[in-house]
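Chains A and B, in that order, are what the protein sequence lines are.
Counting from 1, one number per residue, gives the positions in the first sequence under the numbering used here.
Counting from 1001, one number per residue, gives the positions in the second sequence under the numbering used here.
In case anyone wonders, no lab produced these hints; they're calculated from the structure.
Accuracy of the hints is not assured; some may be wrong.
[Said to hold, decoys possible] Short derived list, chain A residues pointing at chain B, Cβ under 10 angstroms:
{"#": "1", "residue": "G54"}
{"#": "2", "residue": "L57"}
{"#": "3", "residue": "S64"}
{"#": "4", "residue": "D99"}
{"#": "5", "residue": "V125"}
{"#": "6", "residue": "F145"}
{"#": "7", "residue": "G179"}
{"#": "8", "residue": "N223"}
Backbone N, C-alpha and C fix where the C-beta goes; we use that ideal spot for every residue, glycine too.
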Amino acid sequence: MKSHVIVFPGSNCDRDVAVAIKNISGDQPQMVWHKETSISQSDLIVVPGGFSYGDYLRCGAMASTSPIMQDVVKKAKEGVPVLGICNGFQILIESGLLDGALMRNNSLSFICRDILIKSKNQSSVFTKKTQVAKMPIAHNEGNFFATSEQLKRIQDDDQIAFQYCDENGNVGCQSNPNGSLENIAGILNKNKNVLGMMPHPERAADLAHGCEDGKTIFESILN
Amino acid sequence: MLAKIYITLKKDVLDPQGSVIANSLKSLGFNNIEDVRQGKYIEIKLDSENEDTANKQLNEMCEKLLANLVIEDYKVEID
């Protein structure tokens, strides 16, 4: 699999995700510095987590104007799978590839702990192998918000990829860590080739992590 | 020319920071607080003679980058 990981100043999960992809696919992803203007033929583009540009203005806002993002948007529109994790999700929203907004957690605290998610749309390239899965979140701005029109579109077009849930897969207030609308942990674009998610699958992709549930997302992309 | 831009959360978007600030102010004895909304203030120095053109440009800046129109409103003032 030919994959690319975009690197911004302040990205800090770029190498973690590259290790996960290498271990699962056998192929080393290519790291792409954000100042570059084009990405070669790709089977997967990852916009990784971190604190691009120190979260100035709004998380992901500065990175969305980086030169490489024009080609990421172009490739996404051509159908190339694009995965945004955590800050990468924020960047994809700021780039206009995904609907909604990610606001400050309703607790006003940075949350770093394991949570459970379940896939709602199980037919996308990313979500075929994930049922209820455990992986960590680590964010201050992961509270998903959308206008009522956007939310209706997201629901009508089956764009909810993941929802926070309990161990039985029940979706409710008690399993919602950050105040996200409809417990949304990840959404897809209309064509289902772009996924943005707050949880970190690359941090639950090795036995040494204590959990390998995150592998299911990369395995789904591979097959 | 100096432009002052105020960015605030839309009225129907919950502002937990504003609520906490309101509570803190009340605990200091400001009991007549009705509501607090927190936002951002940005100053931009522009080389422009024409206020209309500048205004148009500033609005475009807000819509393209400075504000997130899903959750925020903005107001532009020119000095």
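Structure-based check of all given hints:
no., hint, result
1, G54, "violated, 15 angstroms"
2, L57, "holds, 7 angstroms"
3, S64, "holds, 8 angstroms"
4, D99, "holds, 8 angstroms"
5, V125, "violated, 26 angstroms"
6, F145, "holds, 6 angstroms"
7, G179, "holds, 8 angstroms"
8, N223, "violated, 34 angstroms"
Consistency with the previously given hints fails for numbers 1, 5, 8, ordered from lowest to highest.
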